[in-house]
Amino acid sequence: EPEVTQTPSHQVTQMGQEVILRCVPISNHLYFYWYRQILGQKVEFLVSFYNNEISEKSEIFDDQFSVERPDGSNFTLKIRSTKLEDSAMYFCASKESGQNTGELFFGEGSRLTVL
Amino acid sequence: AQSVTQLGSHVSVSEGALVLLRCNYSSSVPPYLFWYVQYPNQGLQLLLKYTSAATLVKGINGFEAEFKKSETSFHLTKPSAHMSDAAEYFCAVSDRDNNDMRFGAGTRLTVKP
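Line by line, the protein sequences are chains A and B.
Using our numbering, the letters of the first sequence map in sequence onto residues 561 to 675.
Using our numbering, the letters of the second sequence map in sequence onto residues 20 to 132.
Next up, chain B with everything else stripped away, as it sits in the complex (with noise of 0.2 Å):
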């Protein structure tokens, strides 16, 4: 099955500044790929989703992702971040072959004032 990695369980930044969050993908046939948002006590809400049309997809809130298959991942960014961004934030990947989704471990955001 295929698999995601999310690197940095934890980033903090400040209001206003960038957001990068990563995100690299197992496989050597690109899958559909998706960014959710978890908000305290609250389920995952799609942020964006990667279907092999435009490599750099646009998504809720301000959001988006670049599919960069040379490297594997799948990298979710924000120009400038904002307190109500403070969220998990998990990558997804759904397998071409199967029709389950398999999730990263979550990238916990902190942004300070």
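Next comes chain A alone, as it looks inside the complex (with noise of 0.2 Å):
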């Protein structure tokens, strides 16, 4: 069965450094996101990515963040400079179709531990 699949499953790095957090969406899905769930609470929105441009960002998805399909199968989110908040699970979803009753198919998660 087709699936999302996110590396690395956990990154420890230090604050201010770079991170790149890569997914490889399911491979016929149209439409990408990345979604973030800080230790014990809610799943939060972060962004939308469909047809190489970014559709909607939330107020979290600041100048840090960004994304990029670099070569039509992998979708990235870098953190510019990371922060202690920045710390939490990070999930790549993808959708097949433009359809807002379609699943959203999610990756199991990278794990983002900021010291």
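Straight-line distance between alpha carbons at most 25 Å, and here's what the computed BS3-like set of lysine-lysine pairs gives:
1) A:K617 - B:K68
2) B:K87 - A:K602
3) A:K602 - B:K68
Bear in mind the hints are in silico, worked out from the structure with no lab data behind them.
Taking the hints as your guide, dock the two standalone chains into a single complex.
Listed below in structure tokens is the structure:
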């Protein structure tokens, strides 16, 4: 069964360092998403991406964050200069079509720990 | 943007008992609604979704949810809890105008033997 895969599963970094989280969405999906879940808290929307550009972004997704689909298969989230409060589980998701009834398929997440 | 509120961050039931997890949405126009489950150290998995067809929606693992417009609710139920149901459950809403999905704060379900 097709699935969304994320790497790394866990990354530990020092405050101020750049981090890139990688995702391989399901191959025929067109819409891509990043969500964040701080430990014990809700799943928060960060950004959606379609047709090689950002569709929507939340207030969390500030200038320190960027997304890219560099090669037609990977979908990356970059945090330019990590802060302690960026420590969270980051989930990538993809959706086949633009229908709002469509299901989002989630990866297993990348846990980021900022020291 | 649409939002959902989940009442009760933690629900505990005995094995075999009814499971009821509450979700209310805020919208004057019925949105599309979803329930996702998150098992420990895993991603989110779709349980069921409401997309303006039948108001009673059946999902996987014996779960179902009923859309009630008059109450702006989409509560998740299961007649008989199983130990394997212990997980975090998230209600989510998709706006008819936008393409993103927003989640509630989640409800952790504990099942006691």
